[in-house]
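Student: Listed in order, the protein sequences are those of chains A and B.
Each residue of the first sequence is one higher than the one before, counting from 0 in numbering that gives the first Met the number 0.
Each residue of the second sequence is one higher than the one before, counting from 0 in numbering that gives the first Met the number 0.
Worth flagging that the hints you see were computed from the coordinates, not collected in a lab.
Computed from a predicted structure; not experimentally measured.
One or more hints might be untrue.
[As the list claims (entries may be wrong)] For lysine-lysine, the following DSBU-like pairs were computed, each having C-alpha atoms within a straight-line distance of at most 30 Å:
1. A:Lys-172 with A:Lys-153
2. B:Lys-165 with A:Lys-402
3. A:Lys-275 with A:Lys-264
4. B:Lys-36 with A:Lys-402
5. B:Lys-169 with A:Lys-402
[Said to hold, decoys possible] Quick list of simulated restraints, FRET-style, between CB atoms:
6. A:Ser-374 with B:Thr-100: 48 to 56 Å
7. A:Thr-419 with B:Gln-145: 44 to 52 Å
8. A:Val-338 with B:Thr-52: 51 to 59 Å
9. A:Val-411 with B:Glu-68: 37 to 45 Å
10. A:Val-411 with B:Gln-145: 49 to 57 Å
11. A:Val-411 with B:Ser-143: 31 to 39 Å
12. B:Gln-99 with A:Ala-408: 55 to 63 Å
13. B:Ser-143 with A:Val-338: 53 to 61 Å
14. A:Gly-426 with B:Thr-52: 51 to 59 Å
15. A:Ser-374 with B:Ser-82: 43 to 51 Å
For glycine and all other residues, C-beta sits at the position ideal for the given N, C-alpha and C.
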Amino acid sequence: MIFIRYITLSIILLNAIIAQDKRPSVAVLDFDAKGIPTYEAETLTERLRSEIANTNAVRLTDRKLLEKILQEQGLQQSGCTTDECAAEVGQLLGAQFIISGSIGKLGSSFTIDAKMVSVTTGAAERAKTATYKGDIVGLIPEMEILAWEIVGLKAPQRLLLKRGGRKQKSDDKVTLAVLDFEPRGISSLEAQTLTDRFATEINNTGKAILVDRNSMSEIMQEQGYTEAECSSEECAAEVGAMLGVQFMINGAIGKLGDTYTIDAKMFSVQSGAAEKTINTTYSGKIDGLITEIEILAWEIMGLKPPRSLLNKRSGGNAQVRNFPRNKSRFGAMMRSMVVPGWGQLYSDRKLVGWSVLGGELAIGALAFSAYSSYSTANSDLVAFNQQYNNATDPTQIADLRSKTLQAEADQVSSNDQMTTMIYAAGGLWAINVVHAFLTGPKSDTASRKSGFDLVYHPEIFQPQLRFSIALD
Amino acid sequence: MRWIKQYIVIFSILLFSCEIVEPELDNPLDTEANAEKGVSPPALVFFPDNITTNTGGNAVVNVYALEVENVAGIVAKVNYDNSKLNVASVSPGSFFSDSQTPIFISEDNQGTLDIYSFYMGSDKVKTGTGPIAVIIFTTKVPGSSQLSIVQGSELLDENDVSIEIKGLGKGVVNAQ
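Taking the hints into account, I'd like the entire structure generated from these sequences.
Tutor: Below is the structure:
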């Protein structure tokens, strides 16, 4: 009796509290396990409950209270699967809605069926289903997303990314967020525009799942940051952790005279270590920075920029230097010495490179053909000459003499052709080597006209005059 | 530097491997080759005109009538170095033997070999090129020995009238 009084009192008190809160009250029954152990279904339901609480959209009935009511009524959570049972339990709890459902396994796929039933009407208010293929751990983000969706809300970006992150292994995509590049000598608006273009191009690479700017702004606002304030790696890592991404990219766009510098860094949110640092220097109109930052987006993802972008860059008048850079004229020349055209291909002069290689192969084929003719003529000459020397019939001698002389003429002609082809191949090879050197990529240090640079030092936050000497 | 060496080797092979073979057109029965040597038909020549054999070995030399017309008899005088060569045997060639067996006589005078080959009667003559005698020499010592068909050799028609010989051949036997 004391126990019943305690329960009744608890319900009355609970109702009194609920009466002051206008949010609908919801009780969540343990999901029915179909093909998975019961404790796993209970664990997943518990995760659903905690995430429903995070939505702040409903008032959640205490789980212990729910269990006690069900025990008193001689019911088990998993046994209460019908809408009628759910409505009855809901009435006892004073809840307006009951969420029940099941988690099933079919082969390597899992299915989740959830239903929110109105206690008053007994009708299903909302039903949601989800199917997931993979490890059972992957059901956790699915349950979390379902928690938002069953109460009629859109799942937050961090959860969708968490789901995307689990799919990343198969898709080979990384989750990342891009912070606005810090403007140094350009306007914030220009920096933001360029950052947006950078983010769009990262998305175009197809190798990343990107957090949109709004979601990132929300998280930062929650933490009391603005994007401009969050320039340190610590802040970026903190935001990245909240967003649930693997990597963050931040950077700066600076202006020195007519030259622009872009520095970008991608670092791991988990370890804080820089994954990739890339920078470029550009001279020209600020519009040209769009192409540069697009190329940078591909490079920071470790991908080769598409030809259209490179053509767009080379079409302009701007002079661009990428760092770090390994290509040099000498490298191009050496490659062309080994394989004609290779140096040009190395210097991104594909058409010339393939033409040279094709030309060499064609000349080589002609030379080989001439060599074959030479060999045949040579063999004929030796054979006819031997027959001629052994012959005693005057008619046969005259015939063999004629054949021998013809074979000799063929031999000389083929040899001349072959020599011409070899000289042509040698000439083309020499031209190709010189061309590769002259049109090869300029060495970073050697090509600089001036050894003095005015640069911005990011650590001391001051411009610095730098002096460099080319050692190559 | 290793690949530079490889390149040089490859280029050297390409540039220098293609030698031009010069034909040796000096068959002693070839009229054009003989003309270059100053031997015009009708002639008596050796075939082959250059023989190499071992010391003590045999060297077989044919005496050929070259582009003769209406010949009924031949006298060939062959000079050889008897200090280096011995005449092992002399036999008739096929030139006069294809239709009627000719009279064939050879006489070795130790340095000069006289060969006589002719038809009996006045109605048989031969025209063209063919062997009139096969001489087998035996080499005595190493070295080179000259052979020559010398003046006194004759071509005779069916009336026993001499036909002018315009060329007399020479030969060499090399003993190793």
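Student: Between Gln-99 (chain B) and Ala-408 (chain A), is the Cβ distance one that fits in 55 to 63 Å?
Tutor: At 46 Å between Cβs, range violated.
Student: CA of Lys-275 (chain A) to CA of Lys-264 (chain A), is that 30 Å or under?
Tutor: Holds, at roughly 6 Å.
Student: Using the beta carbons of Thr-419 (chain A) and Gln-145 (chain B), state whether their distance is inside 44 to 52 Å or not.
Tutor: holds, 47 Å
Student: Between Val-411 (chain A) and Gln-145 (chain B), does the C-beta distance stay in 49 to 57 Å?
Tutor: violated, 35 Å
Student: Holds or violated: the 31 to 39 Å window for the beta-carbon distance between Val-411 (chain A) and Ser-143 (chain B)?
Tutor: Roughly 33 Å apart at Cβ, these two residues keep to the hinted range, so it holds.
Student: Assess, step by step, whether the Cα of Lys-165 (chain B) is no farther than 30 Å from the Cα of Lys-402 (chain A), and give holds or violated.
Tutor: Distance of about 28 Å is within 30 Å: holds.
Student: Is it true that Ser-374 (chain A) and Thr-100 (chain B) lie within 48 to 56 Å of each other by Cβ?
Tutor: With Cβ atoms ~51 Å apart, the hint holds.
Student: Assess, step by step, whether the Cα of Lys-172 (chain A) is no farther than 30 Å from the Cα of Lys-153 (chain A), and give holds or violated.
Tutor: Judged against 30 Å, a Cα distance of about 23 Å means the pair holds.
Student: May I ask you to test the hint 37 to 45 Å on the CB atoms belonging to Val-411 (chain A) and Glu-68 (chain B)?
Tutor: Between Val-411 (chain A) and Glu-68 (chain B), where Cβ atoms are some 39 Å apart, the hint holds.
Student: Regarding Gly-426 (chain A) and Thr-52 (chain B), is the given constraint of 51 to 59 Å on their beta-carbon distance met?
Tutor: holds, 53 Å
Student: Within 53 to 61 Å: is that where the Cβ-Cβ distance between Ser-143 (chain B) and Val-338 (chain A) falls?
Tutor: holds, 57 Å
Student: For the pair supplied as a hint, Lys-169 (chain B) and Lys-402 (chain A), confirm whether the alpha-carbon distance does not exceed 30 Å.
Tutor: holds, 27 Å
Of the numbered hints stated above, those contradicted by the structure are hints 10 and 12, listed in ascending order.
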